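Following the hints, position chain R against chain Z.
Chains as they are written, first to last, in numbering that gives the first Met the number 0: chain Z, 0 to 345; chain R, 0 to 345.
None of these hints come from the bench; they were simulated from the model.
Please read these numbers as outputs of a predicted model, since none were measured by experiment.
Be a bit skeptical, because a hint or two may be false.
The list makes no distinction among identical chains, and a pair is therefore deemed to hold if it is satisfied within one copy or across any two copies.
The list that follows gives simulated cross-link-like pairs (lysine to any residue, SDA-like), each with its CA atoms no further than 25 Å apart [as the list claims (entries may be wrong)]:
hint, residue 1, residue 2
1, K250, E108
2, K250, D105
3, K250, A38
4, K250, Y120
2 protein chains.
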Amino acid sequence: MNQLIEVDDRLAPVQGVLADALARVEARFDAQLGSDLPAVRELCAHVERYRGKMLRPTLVVLCALAADPRAARRPETTHVTESHVTVAAVCEMVHMATLVHDDVLDEAENRRRGRTVNHLYGNEAAVILGDYLIASAFELCTQLDSVSSARLIGGVSMTTCAGELLQLRFRDDYSIDEQTYFEIVERKTAALIAASCELGALHSDSNPETARLLAEFGRGLGVAFQVQDDLLDLTGEEAIVGKSLGRDLAKGKLTLPMIHHLALADPTQRGRSLRLAEAAAGNDNDAHNAARSLRQALDATASISHARDTARRLADQARARLSRLHDSPAREFLNRLAVAAVDRAY
Amino acid sequence: MNQLIEVDDRLAPVQGVLADALARVEARFDAQLGSDLPAVRELCAHVERYRGKMLRPTLVVLCALAADPRAARRPETTHVTESHVTVAAVCEMVHMATLVHDDVLDEAENRRRGRTVNHLYGNEAAVILGDYLIASAFELCTQLDSVSSARLIGGVSMTTCAGELLQLRFRDDYSIDEQTYFEIVERKTAALIAASCELGALHSDSNPETARLLAEFGRGLGVAFQVQDDLLDLTGEEAIVGKSLGRDLAKGKLTLPMIHHLALADPTQRGRSLRLAEAAAGNDNDAHNAARSLRQALDATASISHARDTARRLADQARARLSRLHDSPAREFLNRLAVAAVDRAY
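Chain Z extracted, bound-state conformation (with noise of 0.2 Å):
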């Protein structure tokens, strides 16, 4: 994510504190992933090239910084512990897990400019692989002191799957509306990037008021960052954003744009884009077209930048969390942070 934003003087320490972390995040996920067997390695460094943002280490990281009353203006003084290195990489592959089984769900070809495990190696080797890398995940959680971010980090997990779930429920259901779309982005989304943050605080010198505000601030912006999320799969251009899209209405997905206008379409516009949703839903050139009428009527009910605004309204009500916070560079991160992962085009 840090590639989003702008570097200047004041963020620049943070900046390299934060790069330092993430190299240590990067070879504790790779020595964790380590095995004897050749076809285990083979299919690990596969997943190693799916890391592209580093969301959840950075905001670990950042958070750690934030909440430390010592890091508030110099930063680069900062001892990034083993315990967060080690919070950061779990975090990290929880979420590679949830990757590669969406990737089996939603039958992706492509993710981060590659090729996705399922479609490189079957959906076997896949479905397999991410229960690697979650039970890695565990195991690696418990080298740390202490059992509650473990319980923290299992429960979280519990509550990914239990999005995923739901989602599952309302697959091809147009009745859906923005409430349970909100319940679901909370639970598959939200929860993880709300634990990275509270974990980074939690193994910091912090007071547990400050744990708890940037558990919010990151439940806030995990839920804006999946809300843009979906406005790229259905708006965004595949070579920038670099992955399969147009798959949440091919797998009858129905998100936050597509809600709000069929909540709005008359009966004969709402059975037009139902069909336009389908058609768009195949790989030649009417469902090209087709997606191109679809975003018209969307445009049609505002329902894209409702969408947009709603995203940008939920990453300012998690910046206002920040400001109960001592300022400092850190926080100053996540405040832009928070702002560009509304704004991005990847």
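Chain R alone, transformed into the frame defined by chain Z:
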């Protein structure tokens, strides 16, 4: 498993303690899977029907008793602790997760005389439900006082997945040898069974040597159990075993009888047997005839009896470990369980 054993006067008290403990394990299992979401509850309720032999919880409880010097003579007075119950529920939950995902990979339609999750709810629900079960197991693990049990479970779950990935790598590879077969089985099946035995002992007041012995007993029992499972897939009666059979051949998985047969058969017979294996993978009448011809070919090289003898020898070796524990009804129960594991028809 205990229904496979003839319980005489000596074992009756253990049987009573075991039945009480397993009821508590079931309650812990169900409580952990509770959710506010009907979509999650419905799927979890279906998984509870999968519970069959409860082999892993049974081993946790019996090893807890066998390892505890106080339980040597009067098992009915033994306290099966909350930790034992938790550990047993965790082991069963990890096992359930692998069953749910295995059924997706194997495209199986039936398990324990019911429909599989993937058959009823689709592959997507089954993949996510498996993830939910793994996450629930780890979350439950963190309710234990120490992290060492959680670490053992995390590590064993990694090993189980690594075994599955190794198995996948050798799918459709007709040159697989017995050594590789046992490497797969030790990881994908025996590691969790060994951990069940070890954790039962570790949560009793036993010495480390006893826990190590029981882990070794579990490892041997686990391999023997899987060899017998693979035999039943090849030679069992679907109505008796209660799940889809012949899946190994259908999915290109060679197990001990076939590996032994192909190594001994002359080139002509080898080619014929491979064609029969392919034909037996279907669902029609020809497949039935091919399966019968294949069994005759396997008999001609004594490959069925080789596998059966191997299972018995492994079970005997496992039982020999028990002789180094003090004599007790629980130890005798474990002894008979190891005999039953390789004599069973389901």
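Hints, verified against the model:
no., hint, result
1, K250 - E108, "both (14 Å within a copy, 24 Å between copies)"
2, K250 - D105, "both (7 Å within a copy, 23 Å between copies)"
3, K250 - A38, "between (31 Å within a copy, 18 Å between copies)"
4, K250 - Y120, "both (22 Å within a copy, 15 Å between copies)"
In summary, the structure agrees with every hint in the numbered list given earlier.
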